[in-house]
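Heads up: the sequence lines are chains C and V, in that order.
Each residue of the first sequence is one higher than the last, beginning at 677 in this note's numbering.
Each residue of the second sequence is one higher than the last, beginning at 9 in this note's numbering.
No lab work stands behind these hints: they were computed from the structure.
Glycine included, each C-beta is placed from N, C-alpha and C at the ideal position.
Be a bit skeptical, because a hint or two may be false.
What the hints assert, rightly or not - Between beta-carbon pairs, the in silico distance windows are: (1) C:Q736 - V:M301: 52 to 60 Å; (2) V:A438 - C:P740: 18 to 26 Å; (3) C:V733 - V:N41: 39 to 47 Å.
As the list claims (entries may be wrong) - If you want the ones that stay clear, here's a sample from chain C, every Cβ over 10 Å from chain V, calculated: (4) M684; (5) G707; (6) L770; (7) Y815.
Claimed, not checked - Which chain C residues face chain V? A few, computed with CB under 8 Å, are given here: (8) P740; (9) P741; (10) L755; (11) W779; (12) L783; (13) R785; (14) V789; (15) T829; (16) V833; (17) P834; (18) I845; (19) A847; (20) K853.
Listed below, chain by chain, are the residues.
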Amino acid sequence: MGPYHAIMVHFPVSLWMVASGIIVYRALSDGELARALDRVLVPLLVIGVATGIVAYVLGQLVWPPSTLQKTPLGRNHMLGATWTLSYWAAVLFLRWRAGERVWQGRLRRLVMVILGALGAGLLAITGTLGGHLHGAPAYLSEILRMLGWDVYTTFYVPTWVLAVLAIVIVAMPLLAKRASRGPPASTRAEAGQ
Amino acid sequence: MRRRSAATAGITGLFTAALLLSLGTHSTGVVRNDPGRNLWIPDELTMPLELRVAYNDQQIFFHYRWPAKRPHVYTDVLRYSGGRWQRQLQTPIGSDTEGLYEDRLAMMLDAGSVPEFQRYGGYITVGANMRDFTGSGADAAHRRKYLPATRKDPNDWYSIKDQATLDAQRRAGYFLDMWQWRANLSNPLERADDQNVAWYRLYDSGETLFFSNWDLDGQQPRWMFDPASGGSPALRLEDVTGGRATGDVPRVLREGEAVPFDPALEWREGDVLPGQVLRESPESRAEIRVQGMGRWAEGYWDVTLVRALDTGHPLEDKVLRDQGVYSVAFSVHRDARTSRWHYVSLPLQVGLGRPAADLVATRFEGAAPDWPGVEPHEVTLFYPGQVSWPHLTSARHAGSKYIAKGVPVKYRHKESQLARYGVEMEFDAAIRRQWWLSLVAGVALIVSFVWSISLLFRQPGE
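Let the hints inform the model, and build the full structure from the sequences given.
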């Protein structure tokens, strides 16, 4: 399945990379082109996630699970792919659910820029790891090493960090629900536009 | 609205902090030493070895230089403690806490009869469930190196082929020459131990370079230093553990110089005698000479090994010729470690005057090479962990299909990568569990963050 996975990943990679660019561009611009690009964002993300799921499944079939999950590189690639797919599915949900309100106000735009940049970064890392597995390592892994992560070491966090993450995972929606029950106000006023 | 903005900023901050915390602490909390399971990871996973090779019409010279914080020149000592002589029976897991394991350098060498060695080096000699592997059991002490084709089932240490087949393999050259320099047990003789690997790690013919000083029946040493020679009849423990006794050259018992042990002497707590007595051997096992004795100075060992190109023992030593290309792989034991706690190299090719190799040996005339004129070659050695040939050739190894095709290890892996893989193999189950938990936690974090943001981005009242 290796060659088919390699073919298939072109679709989500290209679509999500374009989506990242659109998100950042739209966050920085209210121009006609930015608005026009934003209108195709949800379709792009839908196709990206759909093709991403197919690529992910094909990737799981390249090696038996016991082989893929035995090597640090295999584990890291699977981790990156799972997070990337989840991430972009979540971004799709946000853009679909919140609509154009995601561009209202500087803070929301900043959040979207962070989301777009992070998504592009995740995608680049996952693709790099795939290249390593395929026998074509890229220089990006050297940058990651300089940042403190050697891609030949399995990425996992210690148990106490898992506990902290669990608290954060629960705290974020609680905080959001509590804040969203607050009194309405003009988003335009918030944006200062 | 200010409340929503504050919440958005706060949640984004929490998410970012969680990411940074994960990045800052990743890959920690699992790998830790556990001597009870034979787990001990060195602080440094790689080390350099500088190599120079030269040859003349008769001999080949290998000059090695490697860093070592201090020399460890004693091993296997007998000590007087609690009113009786005692022998250390167990080898240490990792570094010996008293520093009582000798530094060693070994080189395996082949002339092309073991083609897998050229591609995968010493990995091919590591079978399943080897000595000192986790879970190998108390009966694993004899499970040492072997070549895969000496077994009916390469995964089964005990499925040794019949003697006639093993003999035929040896005549066909299916063995690896192995040179082993020992700071304690061979260097004082200005020799390296000459061994070979075939169905087992075997010694070349001839008398051993050392023999036991332990009298099993009497539970005491057999030999001691001669008090008449002006010195003490024994060493002191604090001297051998502190390395102060003789620096990089140990005080050793030699056959012909040592005198029979005298139990009537007034032995003191902390007296120490070497556990082995050294002797000269004129036969195949002593073919490798140390030029000028290996010396340690300013944090480095410098050792030069010399051997005849053709020793006249073709069933034990590989015959080397001008214009030949040969495969070699190295290992270094330092910091008072033994067994599998060593650093190893990937295989490299040495050409005797032939450029189609990783390293071209310099040809010279005369008795000894002019070392400053010989180009050095830096080799990276790495801690190999617990990676066996049966694992590498099994479906569990993603690269097994490349091994089946004969793709050399260096085409796919670097030394630092192999070191990390080796460590992770030792903690595979624990790392995989933690990795799964981290994967799920990451997905939950993403979902939680984006869902939270979407709640805040809704129109009030939605």
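Hints, verified against the model:
1. C:Q736 - V:M301: 52 to 60 Å: holds (59 Å)
2. V:A438 - C:P740: 18 to 26 Å: Given a distance of about 21 Å, which is inside 18 to 26 Å, the answer is holds.
3. C:V733 - V:N41: 39 to 47 Å: Distance hint for C:V733, V:N41 holds at roughly 40 Å.
4. M684: holds (19 Å)
5. G707: Consistent with the label, C:G707 stays out of reach of chain V, its closest Cβ about 22 Å off (over 10 Å).
6. L770: Check fails; 5 Å does not lie beyond 10 Å.
7. Y815: At about 14 Å from chain V, C:Y815 clears the 10 Å cut-off, so the statement holds.
8. P740: holds (7 Å)
9. P741: violated (11 Å)
10. L755: Since the shortest Cβ distance to chain V is 5 Å, the answer is holds.
11. W779: Violated, because the Cβ-Cβ distance from C:W779 to chain V comes to roughly 10 Å (cut-off 8 Å).
12. L783: Holds, because the Cβ-Cβ distance from C:L783 to chain V comes to roughly 5 Å (cut-off 8 Å).
13. R785: violated (11 Å)
14. V789: violated (11 Å)
15. T829: Interface hint status for C:T829: holds (5 Å vs cutoff 8 Å).
16. V833: holds (5 Å)
17. P834: Cβ of C:P834 sits 3 Å from chain V, so the hint holds.
18. I845: holds (4 Å)
19. A847: holds (7 Å)
20. K853: holds (6 Å)
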